[in-house]
Each structure stands twice: as structure tokens, then as C-alpha cells.
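Respectively, the protein sequence lines represent chains A and B. The first sequence runs 0 to 275 under numbering that gives the first Met the number 0. The second sequence runs 0 to 217 under numbering that gives the first Met the number 0.
Quick caveat, the hints were computed from the structure, so don't treat them as lab data. C-beta: ideal position from N, C-alpha, C; glycine also. There could be a bad hint or two in this list.
To be verified - Partial list, computed: chain A residues near chain B (C-beta under 10 Å):
1. E3
2. A69
3. Q87
4. S110
5. L161
6. V165
7. N166
8. Q189
9. A204
10. F220
11. A259
Stated by the list, open to error - Ranges of calculated distance between the beta carbons of each label pair, as one might list FRET restraints:
12. B:G28 <-> A:D113: 35 to 45 Å
13. A:D170 <-> B:E206: 33 to 43 Å
14. A:Y18 <-> B:L144: 25 to 35 Å
15. A:D7 <-> B:A52: 33 to 43 Å
Unchecked claim - Partial chain B-side listing against chain A, Cβ under 7 Å, derived:
16. E34
17. T41
18. F108
19. V111
20. G116
21. F128
22. S129
23. R136
24. A148
25. C150
26. A157
27. P168
28. W173
29. G178
30. Q179
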Amino acid sequence: MSSETIWDKLQNIDRKVFYWILWIGLMIPFIRPIGLPISIAPSTRDLYNGLLTLEEGDVVWINIAFGVSAWIDCMPATVACTKVILRQGAKLIVVGAYTDADLSWDKLRNSVPDFDQLEYGKDYVYLGYYTGGEAVVAQIASDIRSVFPTDAYGTPLDELPLMKEVNSVHDIDMVLSGDTGDWGDYYMRQWASPYGIPMAEIGIAMLASSYMPFYKSGLLFGISSSSRGGAELEKLIGEPGEATVIMDALSVSHLMVIAAVLLANIGYFATRGRRR
Amino acid sequence: MSEVYKRELVYLVTAVITVIMFVEYFFLGTWQLAETLRTYATIIANIALGLGAITLVVSHAKKIQRRAAGVWAFSAWLLIFLAISFLSGLAGWAMTGSGQGNPMYDWFFRYVYTPLGQTLYPITGFYIFSACYRAFRARNIDAALLLIAGCFVILTNAPVGGAIWGGFPIIGRWFLDYGQVPGMRTFLIVGAFGMLAYGFRALLGRERGFYGEVAGGE
Numbered sequence: 000m001s002s003e004t005i006w007d008k009l010q011n012i013d014r015k016v017f018y019w020i021l022w023i024g025l026m027i028p029f030i031r032p033i034g035l036p037i038s039i040a041p042s043t044r045d046l047y048n049g050l051l052t053l054e055e056g057d058v059v060w061i062n063i064a065f066g067v068s069a070w071i072d073c074m075p076a077t078v079a080c081t082k083v084i085l086r087q088g089a090k091l092i093v094v095g096a097y098t099d100a101d102l103s104w105d106k107l108r109n110s111v112p113d114f115d116q117l118e119y120g121k122d123y124v125y126l127g128y129y130t131g132g133e134a135v136v137a138q139i140a141s142d143i144r145s146v147f148p149t150d151a152y153g154t155p156l157d158e159l160p161l162m163k164e165v166n167s168v169h170d171i172d173m174v175l176s177g178d179t180g181d182w183g184d185y186y187m188r189q190w191a192s193p194y195g196i197p198m199a200e201i202g203i204a205m206l207a208s209s210y211m212p213f214y215k216s217g218l219l220f221g222i223s224s225s226s227r228g229g230a231e232l233e234k235l236i237g238e239p240g241e242a243t244v245i246m247d248a249l250s251v252s253h254l255m256v257i258a259a260v261l262l263a264n265i266g267y268f269a270t271r272g273r274r275r
Numbered sequence: 000m001s002e003v004y005k006r007e008l009v010y011l012v013t014a015v016i017t018v019i020m021f022v023e024y025f026f027l028g029t030w031q032l033a034e035t036l037r038t039y040a041t042i043i044a045n046i047a048l049g050l051g052a053i054t055l056v057v058s059h060a061k062k063i064q065r066r067a068a069g070v071w072a073f074s075a076w077l078l079i080f081l082a083i084s085f086l087s088g089l090a091g092w093a094m095t096g097s098g099q100g101n102p103m104y105d106w107f108f109r110y111v112y113t114p115l116g117q118t119l120y121p122i123t124g125f126y127i128f129s130a131c132y133r134a135f136r137a138r139n140i141d142a143a144l145l146l147i148a149g150c151f152v153i154l155t156n157a158p159v160g161g162a163i164w165g166g167f168p169i170i171g172r173w174f175l176d177y178g179q180v181p182g183m184r185t186f187l188i189v190g191a192f193g194m195l196a197y198g199f200r201a202l203l204g205r206e207r208g209f210y211g212e213v214a215g216g217e
């Protein structure tokens, strides 16, 4: 007869069991939404307040440095920020550092109804995909046309009314970088630090801890972290969207992780004496 | 040209460009010469994209040729889809005369790439859930502290944390805003000094890893 106790068995659960538990757990809020209240993090509030300082005619540069795989984390905050920027009467220039930038631009364009009231080329411009890392970010700071002679649709920049007055970092009033990687660092080093351009970060959850020292030092005026940051921004602008919907799933999955860690440690301590 | 000269040339080019960028960033603000060099860097980065595609084809073709165990079939799939996307891109360009608005390309990106990409990221959640159960054990005091801090941060990020107890977000936010910031600052500053040291070593031609593959595989 096996001498395995319940704790021993719990220590060796097949990983597929976890996958099923999580999957079933995630279904609950979709079947029956919970709608828990969301508090606003100071870094998100500062991001929102920073956007509210924009004035009519200001030019904002949005760098989309996340692919479709990170839409869930970065797109809701990008959408909410874009709505605020456009409602402040600011002009928008969007670029993409990932090869699927066109898809992200389409998603952003279709998620912000305010674009329908605006004129492409005059109120907003999409310059498309670019590559070259930090060197190209530095180069855009000194001469946008040397990197983007045309917009993403092949129109020369000089034919776009918005771009006639914009040729370097000196003509940009604010930068938002949506990131899963290092592009935010490039903009901090090449734009925010040397030229004092106000900059905010929209990142996946992992990046919040990396960028927190820069927010504390004032180099970033705000940070939106993951879909949670997106949900907070949606609450701030009073328009619940995708991020608000997935907050319930986030609650369930995070609770399950806590439960798993607790259970694993109870089992670990229960069997530790015998292992010794 | 001998290997020695080739290496010296790389040292020289790197040193000159480093000095130009350094002087521009710290002393001049903008410098036409530095701008021109960065334009070259941008062009080279774009050429590297095409070169990367060629290298990818060569590398995976070799795997298929060798029938590399466990991977050659994936290499074959990669080449098949690379060919499909390349040919559909060319066909769309021939039809529309532009890189934009290619219906075939759009279809691949919208209905194949996007769902796959969006599935990829959430799938990691399942692995993380399983890994948390297996790996997060309070085996010593350091691990216990990490676990406790992690649990508070998790309960801060999820709205349910605040709903259970209002103290969770306050303590979790403290860990995020103050607990980890000194450590991250130290890490960033030390890393920056490390990068400086690496840069100087590269500038002086003492960083062999930097030049090795470029100048003779040392």
C-alpha cells in the first residue's frame, strides 16, 4: 500500500489539472460579471492629469512599440490616452516600432470614434513602421524626414498640413510610448532627458517596476501599467472599455495564483519534516 | 586585407563614431555629421531586415536538408509560410502598385497572425499559474519575503485585493513605489556604469566579444 499522503499527492499534481482549473475559473466572470470597484494608482492619475495639460494645437507623438500579442495589456490605455489627447484639441503623430504596427494603428483608429470627426493629415498622421533601435530614435529627434520621408500611405510629409510645421523633437510637445520592451528607454534617453519633452509610459505590468524610478525622478510624468492601468484610465475618462471588462478575469486569475501559492506552501511545510 | 587590418579598421570606425556621438550628445546638441551617421545606421538597420530574412531561409533550409531531429518539420512550416507571405505580398503589390491595401496580405495578418499573436500572450498565464504552484515555495527567509511581497503586489493589481481588504492595495503600492524602487535604481545605475565600461573597452579594442564575430571570429 502506498504511504503517500494527501500532501504528497498535492505536491505532484499534473500541470494539466492547473490549466483546467484556471480555464474554468476564468469562465466564471464572463458568465457572471462581478464588477469590482477599481482604485486609481497615483502614476495613472498623473498620466491622466498630464494629458489634461495639453492645449489646442499641441503635437503629441505616440510610439506603438507593442505587437498584437500585447494588445490586451497596452491597447486599452493607448485608446483612452488617445481619446483624451484628441479631446484636448491636440494633434497626433503615430509611429510603430513593431512589424505589425499597421494592425495596431487600425485597432487604435477603430477604437477611438473621435477620429471620425477629424481630418487625416491635418489633425492626425500615421507614419508607419520604423526600425533601427536607439539610433533611429535619436535621428528622428533631429530630423523626422530623414527617417520618414512619407507617411505610411506614401504621401510626402510636406503635403500633410500637420507635418509642414513638424520636423524635429523641438516641434513635439509630448511623447507617449506603449511598450513591451526597450523603446521607452530610447525615447527617455534621446528625447525626454536631453530635450525635456514631457513623456509618459504605457507598458506591460513587468515594465511598471522598471520605469518606476524614472517616474519618481520626474523623467516620466505618468505610467499606465498593464490592462489594470487601462481600466483605471477608462474609469478616469468615464468610458468603461475592454480593460474594465477583463478586470474581473484578472481578479479571478490572481486570486487563483494566491490560492495555488498558499496550497503549495502548506503542502511543502506539511511534508518538510519527512523529507528531512 | 589581412585579418589584423580588418580588425583594426573595425576598431577605428567604432572609435570614431563613438567619439562623434559622445561629443554631439554631451557638448553640441545637434551635429550634421552625427545626423548623417545616424541616417546610415537607419539604412543599415533596414538592410539588416532583408539580410535577416535571407539568413533565416539559409539556416532553416540547412535544418531541413540535414533532417535535424525534432525541428526540421517546423523549419519546413516556417519556410512554407515565409514563401506564402512573400508571394502574396508581391502579388498584392503587382495588383495595387502599393505596399498598402493588399487584400491577401491583410487577410493573413487579420485572420491568421492577429488571433495567433493574441493567443500567444495569454497562454503564458496558464504556464505561470502552474509554475507558481511548483516553484513558489518559502524554502528560506528570502524566498518567504519575496512571496509575501509578491502576494501583496498581486492583490494590489487585481481589484479583488482591495475588495477583500483595503490594506492590500496600500501595502502593495508601497512595495511598488518604495520597496522596489531603491533596488531598481541601484540596478539601473550599476548597469549604466557597466555599459560605460563596456563602451570604453569596446572603444579601446579590448572587448573581444564586441568585435569577435565581426572581425574574424575570435
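Would the stated hint for A259 (chain A) survive a check requiring a Cβ distance to chain B of less than 10 Å?
4 Å, holds
Just to be careful: measuring from the Cβ of A148 (chain B) to every Cβ in chain A, is the smallest value less than 7 Å?
11 Å, violated
Interface hint compliance - T41 (chain B) to chain A, C-beta minimum distance less than 7 Å
With Cβ-Cβ at 4 Å, under 7 Å, it holds.
Using 7 Å as the Cβ threshold, decide whether S129 (chain B) counts as touching chain A.
4 Å, holds
Is the shortest C-beta separation between F108 (chain B) and chain A less than 7 Å?
6 Å, holds
Chain A contact restraint on C150 (chain B) - CB to CB distance below 7 Å:
6 Å, holds
Does A69 (chain A) meet its interface restraint, that is, does its C-beta lie within less than 10 Å of any C-beta in chain B?
6 Å, holds
Per the CB criterion, is S110 (chain A) less than 10 Å away from chain B?
Violated: closest Cβ of chain B sits about 14 Å from S110 (chain A), beyond 10 Å.
Falls inside 25 to 35 Å, the C-beta gap from Y18 (chain A) to L144 (chain B)?
29 Å, holds
Hold the hint about R136 (chain B) up to the distance rule: shortest CB distance to chain A must be less than 7 Å.
5 Å, holds
Report holds or violated for the interface hint on Q189 (chain A), using the least CB-CB distance to chain B and a cut-off of 10 Å.
9 Å, holds
Cβ-Cβ distance between D170 (chain A) and E206 (chain B): within 33 to 43 Å?
38 Å, holds
Hint compliance for this structure: hints 1, 3, 4, 5, 6, 7, 10, 15, 19, 24, 28 and 29 are broken, all remaining hints hold.
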